[in-house]
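The lines below spell out each chain.
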Amino acid sequence: MMEILDPTVEATIQPVKFVPRPDSLSGKRVGLVDNTKLNSDRLLQKIGDILVADYGAAEARMWRKHNASVPAHEEIVEELRASCDVMVAGIGD
Amino acid sequence: MSAALASRRHRVADLTEAIELCYAKGWTDGLPVVPPTPDRVEAMLAAARLRPDHEVTYVAHRAVSVTAEKVAINAVMAGCRPEYMPVVVAAVEGIGDPRWSYHGPGTSTAGAGVLIIVNGPVAKELDINAGDNLFGPGWRSNLTIGRAVRLVMRNVCGSRPGTLDRGTLGHPGKLSYVIAENEAESPWPPLHVERGFRPDQSAVTVVAAAGPRQFYNQLSNTAEGVLTTLADDMRISGNVGQPHYVVVLAGEHMLTIAGDGWTKAMIRDFLFEHTQNSYAHLRRTHLLAGDVQPGDETRRRPLVESPDDILVVAAGGRAGAFSCYIPGWAGRRASQAVTKEVTR
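For the record, the sequence lines run as chains A and B. Note that this note's numbering numbers the first sequence so that position 25 is 25, with each residue one more than the last. Note that this note's numbering numbers the second sequence so that position 31 is 31, with each residue one more than the last.
Certain hints may be false.
[To be verified] Computed footprint of chain B on chain A; a stretch qualifies when at least three of its residues, placed anywhere within it, have a C-beta under 8 Å from a C-beta of chain B:
(1) 7-13
(2) 26-34
[Stated by the list, open to error] So the derived label-pair ranges between C-beta atoms look like this:
(3) B:GLY196 - A:HIS66: 20 to 28 Å
(4) A:THR12 - B:ASP260: 57 to 65 Å
(5) B:ASN239 - A:HIS66: 12 to 20 Å
Derived from the structure by calculation, the hints contain no laboratory data. Remember, predicted model here, so these are calculated numbers, not experimental data. All residues carry an ideal CB built from backbone N, CA and C; glycine is no exception.
Isolated chain A (complex conformation):
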C-alpha cells in the first residue's frame, strides 16, 4: 500500500453572481469589447449596428483591450461598468 499526493489544485468555492439577462434590449446601452484581432472591430460594429437597428438598443460603443491575450484592463472594465447595460466581447479570427 502506498499514498500519493494530488498534483492539482482543489478549487475553492467562490460565489459568482451573474447579472440577470435583460428581457429586451430596447433602450439598453451596448458595450463592445474589441480584442484587437484583425477585423474583430468590424465584426463587433456590425453586431452593434444590428442590435441598435433591429433590437432597439440605445447605442453601441466600442472599447479596445490592450491585446487579445490578456483580460480587459481595469480602466475599460470600470468604464463599461459605468456606461453600459449589456456587453458583447468577440474574437476576430
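Chain B: place on chain A using the hints.
Just chain B, lined up with the frame of chain A:
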C-alpha cells in the same frame, strides 16, 4: 513536516497502480510519471528550503496561487532530483510574472513552449546540458525540469491540451525545452549577465517560444557569412511582430563569429538590420492585410522592435556547422521573456 502537506492523498496498492492512477486522473503529459509520495515531495521541498504553503507565484489570469507543495509534487512526477527544485521554482516564478503574461502562451492556438535558458553556476552543478544534442535527448535535468514546469501548467494552472491549452500543432518542446548556455567555452558575456545579473548568480530565462529551427553554413569562415545565412532564414520565419528571437550559436559558428571579433551586440545589430522585410513582401505573402500600397516595396518592417529583442545564446555541440534560431510566441505586448534568479 508530513502533516504540513495539504494535498489530497490517494491510496494505491503498488507502484504500477500509482502510475496508472496518474494516467487515469489526467495528471500526466502522456509519459509515465514518478508517483508523488509524501516523502519524495518533502525531499523536493527541503532541497529548496521552502515551506509547502509558500506561494511561488500567483497566476492572475487563472486566479491560481501556485504553492511550493504543488510545484514539488509535479517536480517529483516529472522525474526531477530534489536539487533541481530551485530551478523549477525560478522558472515557475517566471511564467507567473505579469510580463510573461500567462494566459496567452498557456492557451494560444499558436502553441508556445516554455523555453527555459539556464545560466550561472547551477547549470554545471546540475549537469544541465549546454552541448551536444542541446535540445535532447539524453540529460535528466534538461528533460525533467522543463517537464515539471509543463506539469505545473497542466495540473495547477489548468492548461490541458484540448481545453485551456488549444495549441493547433504544439511542438515537441512543450514536453520539455530546457538548455544551458555554454559559459565555459563562450567568448561572450552570458545571457543572464546581459539581463542584469552577476556571473556568479544563477538564473533562468523563460521565453514563450516556437520550436527551434536549425540552419546550416559550413562554407563561410567569417562572422558576416554565417550570419547572412541565418538572417536570410530568419527573415521569413515569423508571423509578424514577434516579441523576441532567440539565436543559439553552436561551437563551430560560435568560434567563427567570435574569431572575427564580433560581440553579441554586433550580432544583434547585424541580424536586426538584415532580417527586415518590405511591406510589399509581407502583403504579397498574406502576413500583413491589404493590397500592396505605393511605397511598400521600399518601406521595411523589422522582425522585432529592437536589436535587444534578439537574445543570443552560445550553446550546442562543438562539431557541426549548425546553429538555430527560435521565434518567440506572438507579440511584444502579449508576452515577454523574463529572467529570474535561482535562489538556493
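Hint-by-hint comparison with the structure:
1. 7-13: Coverage by chain B holds for the stretch 7-13 of chain A (4 residues, Cβ < 8 Å).
2. 26-34: n = 0 at 8 Å, threshold three: violated.
3. B:GLY196 - A:HIS66: 20 to 28 Å: Once the Cβ atoms are compared, 25 Å apart, the range 20 to 28 Å for HIS66 (chain A) and GLY196 (chain B) holds.
4. A:THR12 - B:ASP260: 57 to 65 Å: The hint (57 to 65 Å, Cβ to Cβ) holds, given that THR12 (chain A) and ASP260 (chain B) are roughly 59 Å apart.
5. B:ASN239 - A:HIS66: 12 to 20 Å: Check passed, 19 Å falls within 12 to 20 Å.
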